[in-house]
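*Asks:* Combine the two chains into a complex, taking the hints into account.
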Amino acid sequence: MASSCSQALRHHVCKSSRLLRVHLQKSWTNRSFEGAVCVSSSFALNSAADQQPAVSSPEEIVIPKKKTWSKEAVLQALASTVKRDPTASDYRFQDDPYLTPKTSSEFKLFSLSQESGRNAAKYFINTYPKYFQKDYAQPHIPCLMPDTLEAQIEEVSEAALIERIGMRKVKAAVDLYDQLLQAGTSVSLDVTNQLLDLICFYGDHDPAQENVPEQRNEETEDVQDEPQAKKGRAAKASDLLKATWKEKNNAERIFALLSEPNKHSYSALIRGMVKYGAYSKAFSTYTDLLNSRLKADMHMFNALITAAPEVKEKYNEKWELIVDLLKQMAEQKVRPNLLTLNAVLKALRRCGTVGKSQAFPVISEMKALSIDLSLASYTHLLAIFYKPGAPIQGQTDILQEVMNEVSGKSFTPQDPDDAQFFITAMRICLDTKDMEQAYRVHELLGVGENWRLLGNDFQQNIYYARFFSLLCMMENIDVMLKWYRDLVPSVYYPSSNVMRDLLQALDTDNRLDLIPQIWKDIKQLGHANRQNLVEELLTLMAREKHNQEVQESFAECALDIKKIYDTGDRGKVLLNWTAGSLSDLISVLLAAHRRQDAWDMLKLFKTHNRVPSEELLNKFLMCVKEGGEVNQAVELVQISAGFCLPGTPKLIQRVQQEFELTEQQRKMLSDLEIQSFNSE
Amino acid sequence: MYRRLLININQVRNRLIHTHNTRLTLPSTKCKERESFAPVTWAPCTARPLGTSSISFSENKESSTSLSEDKGKTPEETELETEPVVKPEDRKQVETTKSGKESLLELLGAMKVEVTTVRKIRPSKTPRMSERPDQEPMESTHSMFQRAAAEGSQQHGTLNPALVAAVSAAASTLPNRHQAESELLKQLRKHEAIPDTQRRADIGHIISDMKVGKRPNGRSNVRPTSQIRFDDDGKGYTQDRGITSELDGVRRRKSPFTSKRLNLFAAAAEQDALSDLGPTLWDIDLVNQIVQATNQMPRNGFEEMIQWTKEGRLWQYPINNEAGLEEEASVPFHEHVFLEKHLDESFPQQGPVRHFMELVITGLAKNHHLTVQQKKEHIDWFRDYFRQKEDVLKEAEAYLN
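These protein sequence lines map, in sequence, to chains A and B. Per our numbering, the very first residue in the first sequence carries number 1; after that it's consecutive. Per our numbering, the very first residue in the second sequence carries number 1; after that it's consecutive.
Next up, chain B with everything else stripped away, as it sits in the complex (with noise of 0.2 Å):
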């Protein structure tokens, strides 16, 4: 993601820089301190002593309202001093207006104050200053810091060496020194080639970028996508932002889905007889209309084999035991099982003729094969054949009425 920041680095970095300036300048006064208490070791989350945030708190009002004319600090400089902070409670969203420019100088002169503020506040905590390790080397790196601010402002063309002392000096409070430090000139001599009006945008951009690594604890009830926000182009970003995001919170726990109506209606209207004639024209219309819009192609087999279905080109799948049932659906049960009520009066009530009947509708009532209809076929067939032979049955004794 660092990376990905740096390639949209060019579309919008003035906005960048207002969101982060504002939001920077406070926590950075913080970090500084805690860094004087534990120069050496720079651990991102470390203890902090309690009884420092209450200083630090009214450091930042008189370091947020007090302006420095420093400038031109090198990114690198506020990239570490800025790294580990960020907390939202600190986050005080001033709603200004000022340039890139104007904000920079706010956050660099905020943090020059700092460097003062510490030293002037540390004779007034003297006793528990003094338990602290001694300060020795930060005091040397703040005080190259301000040279090679002064300095840097000035010339913007070369990679002096007091930058580079700079840089090294910041990197020995880091872990792995070496790479730090190389990364760091190498980010430096990057920005020599860009055109110095570029410049403090990309400082900007680089305060963004050293955020994004960090995901503060205390964000983390923000959603992502106002972090994106923050941390990539901006695009979205608009001075309301600000209060935006403090009143998420509030606009969450009400969602607009659950808004006050128009109350045009009354709740129960009774339904309108709509039916009158079918679908119309219309109506057709309208489903051929969603119909169109809509992806209807088959994904699968099964798929198009439902479509088919239901196009009637394809034999159905049986879902029950009545499938394929169509036409004897309506014919209960006993029409097929009953029969001898077609052996009425056309039939002889005795005799061979009657057995051999009533042997036939056995046969009947057990084929499951012939529906309703084709079994009076079959009994009515036999009654023809019966009548035409009627002389020869009789003549046989056979055909008994």
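Extracted from the complex, chain A is given alone in its bound form (with noise of 0.2 Å):
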């Protein structure tokens, strides 16, 4: 009763607010007060009423999809918020701050003996399974337990040979296939394939043990570690280079062998024979598939495009037999992936301006597949249009191109190639001077996970010369700073040759008073023993005359860097002493009005048997005046007179005029006017 009376008495107030709504438009400005509130009690109702109807229509429920995290989500979310700092060292040598690296050298050499103390302790464990087995984790830890690195099985069987073939012993799991044929039994085709893949990949030869010195014997083995490892080290890389596919080998035997072998066998081979250089090979291994009314599989389409190059002379043939390939992929069914694409444009490279005029059809063919362009695709693109050392022919537009394309996207490592996107985009921006595009292929990297697409050490010192030689030549000096200062040395250890870019930026934009600081830096990178550096920072030094405050610093820098040219390393002289870094140094001190240093520093010229300038002497004498010191003058004369100087008789005038001297300096001196007189 009650709600329906209130239902009744809602919809009159609903009506009568309309209907003083429309009256209150009309004469808003003759309104009375009892009207405006009859219309703010109604408004109340009103608002009242129109929540009702929504909550009693049946509304739609949806439940939520279930989300799930991956395990690491907590730590990913964490570890987002961890930004770099620029004053710290990087994150491996952060256990031990007297470890951390000051230096280049400093740098590889503490990752290299981390790294390698950790595949020592590798080694041992592997080594010597029997003392590790004591398992103390709860739930068991499988990567904290050794390797099982022998064979289990001994019998002659077919899961002895799987299993020699999980372990990758080439050898032996050939030996046993012998065997199994000797004794008769009949291996599945699946395993034969697998053991075909294995003696493909490796080219026939057993693999160099990752973590693992060599050992020819067990004499041998003693206390030589470091010579022997050298030694390994030189055996591994020649291996690499004659590791090719030799004729007749344990795969085409065993391949020869087979009844009837399917796609995945004639895949194995062909991609152990593009592998390991046999490329004219390849292609026959194609034509007998064909032959035998198989169809290829995508994998030999890739390894097959691969080897394109390698067996064509000119451009266009090249490029026909890589077209041809595409079209038999597409007869054949077969769906090209991104490794695919980048075959195809990583043989375009070597196509000359074929390359260039067919990338974009080739990229664009992808993408209407729907395949994502990786990095190493922009690479290789990027590497056809920019040769290193060519001249650049207006395609600066292409850099650009790319990078709209990939700015602000993250990308996933997919190919091996992907990692040397970043040092080739920048080499392009240091050889085209594009400042612009250097930022932004730097904002990239900042992207998700891009970082980790710059590379090892090595590349990421590379890109970030390059970076930091572009910033040198087009930035001014502030921005330069700044990044200097964001960069070094927490990222990246300047090279000497970058720190006199730097110096020379400096001299450019007229910021000459930073010289003491960047000395400081110089100092810590471990540059301080390179002539060539140290005697630029000296000219620049020495070369304008700057106010007092700068020279002082100059000074008191000048000194520290005498200090360098004093200590030596272990007795070993660092420096040698140059006529113009002497005179330069004596010019600093001498603007600094320190006479007395200066005085100092004069005398090395005799005891590194080096001749003093003219110039310099004369700048000396200007000094002394200054401070009115009689003996320093004639002394200086002296000096002059020792080195049998042009120039002495022109000092000793100005000595006798514009000095007071006494009797016995007036007759050194006539003594020595005459003496030089002579000589000439």
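Just so you know, these hints were derived from the structure itself, not from any lab. As the structure is a prediction and not an experimental result, all values here were calculated from the model. Among the hints, a few may not be true.
[Said to hold, decoys possible] Computed list of lysine to any residue pairs in SDA-like fashion (alpha-carbon distance at most 25 Å, straight line):
| # | chain 1 | residue 1 | chain 2 | residue 2 |
| --- | --- | --- | --- | --- |
| 1 | A | K327 | B | L264 |
| 2 | A | K65 | B | P298 |
| 3 | A | K387 | A | K327 |
| 4 | A | K67 | B | H178 |
| 5 | A | K275 | B | E304 |
| 6 | A | K625 | A | D671 |
| 7 | A | K71 | B | E304 |
| 8 | A | K520 | A | T100 |
| 9 | A | K71 | B | I319 |
[What the hints assert, rightly or not] Sample of chain A residues lacking proximity to chain B, with all beta carbon distances greater than 10 Å (derived):
| # | residue |
| --- | --- |
| 10 | W69 |
| 11 | T100 |
| 12 | L149 |
| 13 | L257 |
| 14 | N532 |
| 15 | W577 |
| 16 | H608 |
| 17 | Q632 |
[To be verified] Rough simulated footprint, nothing fancy, chain A against chain B, three-plus residues with beta-carbon under 8 Å:
| # | segment |
| --- | --- |
| 18 | 352 to 364 |
| 19 | 372 to 380 |
For every residue, glycine included, the Cβ atom is placed at its ideal position computed from N, Cα and C.
*Replies:* Here it is as structure tokens:
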């Protein structure tokens, strides 16, 4: 009853309020006070009435989908809150402040020794597994336990073969396979294919064990670690060079034994041939495959496309072969993937001008097949259009187009060449002196996980060296110094050449007053023993006159440099005084009115058998005159005469005129004058 | 940047002269003209009388074709005259392969012709010109320029007084006259030291220098990259550059990434049945290569923990309430709670043992520390126990079955 009553009332109020509103709009000016009260109350009711139907209408309940989180989700969220600290060194070195690297060589040494320590531990665990059987971890942690390196199954069986394939023992597996065949047991096609994979992958050689130093005999396994490790590495490098596809190797032999090789067997063989440089052989195997009415798979095509530029000479022939392969892919209904695209683009790098015209159609084709480009694709694209060393012919826009495409995207590594993108792009920026694109490249580096694609320490160093040289060249000094403070030395240890670029940039922007600071950095970066760099620094300091404060700091810096010259490293002289460096140093000291220090330096000319310039001695005399030191002036003349400088007579004249000399000094000077006269 | 350019000066000066000359010849004439209209202010962007523009264009054509043999004007003059100009719409891309010297001559020649054309044309537009302030000071400057130029062509070695006069005259047109003058003279003296052969190239360079400071509004749509190419050492400069920059706009509208495709593959090719045996050795190797190529070093403690978690060395951070439920994840909750079914025939149906066991399963149902298996074992233990004690229980009449 009550509810129906209120309903009716509400209805009424609604109506009246509507009327009232109309009325109000008409005669807003002559409204009464009562009317206003009535309107406000009706509005309150009205709003309640509006809510009613919303609640009562059947609303569909949408159950949100269950969200699955990866097990690292929390850590990832936490990690994303940590920003790089430009004042801190790499995370690897934060455990021990003593081992914070200050130079690039220290960085290399420390990071490598950390890695080799890990490898050594792993080596011992794997070599002596019986001492590492105690399993403390609860639950069990497999990666902390020793790997089994010895085959467990001794008998001759297919299971033993599978085990040896799993352990990647090429020779043992081949032997076992032969034994099996001799015993008359047939091996299934799948296992044989796996064996073929293994042989082709390693090119019929046993893989060099990771983390394990080479051991030839039991006898040589003595204390001589280091030379042996070096020998081992050299052997590895040469292995890689000489590892080629041999005629009639085990893979071909086993392949020939197969009664009905399938797609997989061919695929293994072709990929192995391409990997080990038997390119034309790979193509003939491919023809065999077609003759036996089999279809190729994608990996086979990828390998063949990689091999295509090797078997043809001319650019257009190479390209025709690639197109032919792609057509066959389409015919055989093999779907290309990203690696196909990258293989084609990589092959186009070696097709000269054809590459330039065909690169974009290829990319469009792949995009039409909804293949997303990876950074490696862009790397190849850039390499097609910008050949290192070649003149850049109005192609800056290609880099810009590429940057338009990739900007703001986060890439996941999908191709080993992905890691080349950043250094390639930065090289092009440096070649074209394109600061704007360089900033875009650097910005891209900060997006998502892209920093991983910058590659290893070596590549990082190249990248930052390029970026920084470009900054030195193109950017004004304040911006450049901002970057300098940001990058050095937390991610980048500049080489001495880059430091010289920096000095030149300081010079061009007239900020030579920063030199003392830079010198400190140079010292810390371990470039204080670079003669060129130090001499350039001295020249820059000596060249112009600055205000007193700057000169004072220059003088301090110069004395610091002198110390480097003096000390040397373990009795070895690091730097040799030259006449130029000595006179520059003295000029700096004189400009700061450090006569005594300069005087000490002047004596070094004699000890190091260098000859001072006349100009320097004149400058010195001026300074001596300011101080009014008569004795020093005379001594200066003596030094000058000692070097038999042609300007000595003039110097004597000046001293005679400008100083008040005692009788004895006068006599000495005239003696010197005669002497120098005679010597001439 | 200005100084930076001077540093790079030695690398590629000849090319620079090309660019700048072809671009500068025409605008320079216009500037000159404006100069004669408002000689004293020399404001870079003063409102230009509309009427003159058409005239200037006609002059442009004239001056671009006519070459005078005037030579050796000092760089400072060109600097001053060309500074406020360079408008792209005026920039006619003359694709010449003249040597640096020739194009310099052309540039300078064009300027001189301009002087004369201004005079020639003046009578024809006298009604307008007469309203302008007098041109006397500028006239004298012009004559001085010419004199200086004539002499400068013969003697490069010394800083002749005419040059100095020209410089001061030129400087007088600038706002802070003394500074400008001294700068110009300094620049001149520097050039005395430079061997004659390098000189012309440097002129081209100074022209380029002067352009840098000025960002003409018309060029703002051209990308800064091309500006850098022009202004800097011009390493990438080639003859087709002019065309490229003009075509830039056209090219930008159509990205090369949307170019036509090869049309080899059908767009909806069916997916090949890929997975036969799981990852092969090659797949593993590819992944390995990618890992080797990329930077896997953690950047902070959390990333290191992520790495450890992936390796299985670290306890996982809980991401929901089921953390650590590996073995129980597949067991539904009722298995935990309803345990009566385990109290089957092996226990008495009633009596104290039954009662006790009901209490046990109630307790077990509420226990969240034990797995279902452990709960079953718990019940089984009691089953065995009561079975062993069956005699005793029966004696006490507690075991009722």
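*Asks:* Check each numbered hint against the structure and report the violated ones by number, ascending.
*Replies:* Numbers 2, 3, 4, 5, 10, 18 and 19, in rising order.
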